[in-house]
Amino acid sequence: MTADSDTAVAAAPRPRLLPFAWDRVALPGFILLMGLVFGSLNPNFFSWTNLTNVARQSSVLALLSIGQTFAIVSGGIDLSVGSLLAVVSVLGSMQLVAFGLVPGVVGGILAATLAGAVSGLLIARTRIPPFIVTLGMLSLARGTAFTVTGGMPVVGLPTEIQWIGAGSLGPLPVPGVIAAVAFVGAHWLLRRTSFGRYVYAMGGNEAAAIAAGINVRWHKFFVYCLSGFCAGVAGIVITSRTLSGQPTVGETLELYAIAAVVIGGTRLGGGDGSLIRTLFGVIVIAVLGNGLNLINVSSYIQLIVIGAIIIVAVGFDLWRRERRA
Amino acid sequence: MTEPGALVSMQGIVKRFGAVEALRGVDLDLGQGEVLGLVGDNAAGKSTLMKTLTGVHQPDAGRVFFEGRPVHFRNPHDSRARGIEMIYQDLALVPSLDVVANVFLGREKTRRLLGGLVRQLDERAMEAATWDVVRRLRINMDSVRKPVSLYSGGQQQAVAIGRAMSFNARVIVMDEPTAALAVREVGKVLDLVRDLKGHGVSVILISHRLQDVFAVADRVMVLYGGTNVGVRRVAETTMDEIVRLIVGAGERVS
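Chains A and B, in that order, are what the protein sequence lines are. Residue numbers for the first sequence, in numbering that gives the first Met the number 0: 0 to 324. Residue numbers for the second sequence, in numbering that gives the first Met the number 0: 0 to 253.
No lab work stands behind these hints: they were computed from the structure. For clarity, every value in this text was computed on a predicted model and none was experimentally measured. Ideal Cβ placement from N, Cα and C applies to all residues, glycine included.
Selected chain B positions facing chain A (in silico; Cβ < 10 Å):
(1) Glu107
(2) Arg118
(3) Gln119
Based on the provided sequences and hints, a complete structural model is requested.
Next comes the structure, spelled out in C-alpha cells:
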C-alpha cells in the first residue's frame with residue numbers, strides 16, 4: 000500500500016480531474032478518420048494552404064469557445080458572444096477609423112470585456128440565471144451594433160489591421176497563432192491556478208465552494224469578463240478579415256461555440272470539462288466544414304451534418320459516462 | 000459546572016428563532032481527544048447547538064469557552080481559525096474534482112512563477128500533503144487523483160474528514176456521518192473516528208444510530224426540546240436509558 004502510494008506520487012504529478020477516454024482516443028480518432036476521408040476524396044485537403052486556411056477560419060470560433068468553456072464549466076453559459084463580435088466589429092471599426100490602430104484594437108476588446116462584465120455583474124449579484132442574462136445581452140449587443148451604425152457597415156479602416164487576420168508569422172497564420180496562444184494560456188488558467196479550480200468548484204457544487212470560503216460572486220463575475228474578453232479578441236480578428244464594421248457579423252456563432260464545447264465532451268451542467276476537449280470540438284467543426292466544402296457538399300447539407308454530430312457526440316458521451324459509472 | 004481541562008465548554012446556551020426557543024440554556028463540555036455522542040429527536044436542537052458552536056448562529060444567551068477562555072465566533076471562519084471543523088451530512092465536496100482538489104479547496108497551495116508575477120497551483124505539494132493525511136488516517140485509497148464521485152460514500156466521508164484534518168482540526172463535528180452508508184462502510188468510518196481520537200482530536204458525533212454512538216463515543220449527551228436532558232458515560236448507561244431520554248420519558252437532569 001505504502002509502496003504503491005509512493006509510486007503514485009512520483010508517477011502522477013499532473014492534476015487529472017477525470018480519467019480521459021473520450022477526448023484522448025475517440026475524438027482525435029474521429030478527426031483522423033475525417034481527415035483520411037476528406038484527404039482521399041480531395042488531395043488538396045492536406046495541402047499547407049488548406050490547413051492554414053482551416054486555422055484562419057476557425058480561429059474566431061476557437062476564441063469564442065475558450066470563453067464558453069469557462070462559462071459552462073462554472074455552471075453557466077454565455078449566449079451573448081456572437082453578438083459581442085458585432086459590437087467589437089462596429090465599435091472597434093469606428094475607433095479604428097477615428098483614432099487609429101492601437102486605440103481601435105484596445106477599444107474594441109474593451110467594449111466586449113465591459114459587456115461581459117455587465118453580464119457577470121448581473122449573474123453574480125442577482126438570481127437571474129446566466130442563460131437569461133446572456134440571452135438578454137445577445138439581443139442588447141446586437142441591437143446596439145445595429146443602432147450605432149444605422150444598419151450600415153463601417154468602412155475606411157486602416158489597412159494595417161489586415162495583418163491580424165490575413166498575416167503570417169513565418170509559415171503560420173497570425174489568427175491561428177493568436178488562438179493557439181489563447182488556448183495555452185486559458186488551459187493554464189483553468190488547470191493550474193486557484194481561479195481555474197474555483198471555476199470547477201462553482202460548477203460542480205456551488206454550496207461546497209461557498210462553504211470552502213471561495214468568493215463565488217467575484218469568480219463568476221470574472222468568468223463572464225473573460226468570456227467577453229475572448230469575444231473581444233475574436234471580434235478584432237473578424238474585423239481584420241472583413242476590413243469593415245459589420246453589425247450582422249457572428250450571428251448564431253454562439254451556438255457553434257457551445258457546440259464545440261459539448262462535442263468536446265464537456266457537460267453542460269458544469270463542474271467538468273477541459274480546454275483540450277474544447278479544442279478537439281473546434282477542430283471537428285472546422286475540419287467538417289472545410290472538408291465538406293472541398294468535396295462540394297452544399298452549406299445547407301453542412302448544417303444538417305453538424306446538427307447530427309452534436310447530438311451523436313453528446314449521446315455517445317453520455318453513454319460512455321453511464322457505462323463507467 | 001465545567002469539567003476540568005475541557006477543550007470546549009458551552010454554558011447556558013439560548014437560541015431563539017422568532018417565537019421559537021430552539022435552545023433553552025444548554026451546557027456542553029468536550030474534553031481533549033474525547034468522542035461525544037450528541038443525540039436527540041428531530042428538532043431537539045442538535046444542529047442549532049452545533050451551528051452555535053461553529054459560529055453559523057450567535058447565541059442569544061450563554062457563553063462558549065475554548066481552552067478555558069471565552070470565545071465569540073461571529074462566523075465559521077472564526078471557529079475554523081481555532082481548529083473547529085464541521086462536516087455536514089452532504090459533505091460539501093465537489094464530485095467532479097479529485098481528492099487533492101477537494102482536500103485543499105479554498106486554500107490551495109501555490110507557488111510563484113515569473114518572479115512572483117503569477118501564482119500557480121503547487122500540485123506536487125498538495126498531493127504529498129494529501130497522501131500524508133490519507134496515511135495518517137489509514138484511509139484505504141489507491142489514488143488521490145480520481146474524482147471523488149468515483150469513490151464510495153464511506154471513502155467520501157473519509158475525504159471530508161481528511162479535509163478537516165488537514166486544517167489541523169482540534170474539534171471535528173460530524174453530522175450523521177454513517178446515515179447514508181452501506182453497512183460494511185459504517186465500521187470503517189467508526190474506525191476513522193477512533194483514529195481521530197488517537198490523534199488527540201475531539202469529536203462530536205451527531206447520530207440517530209445509537210449503536211454507532213455506543214461503539215465509539217466516551218460520553219453521550221441527549222437533547223430534548225432544546226434542553227440537555229442527560230449526559231452519560233457510555234460505559235455506565237444502556238441504549239434503553241438513552242432511548243427513554245430521547246423520547247422525553249427520562250427524568251430531567253442538569
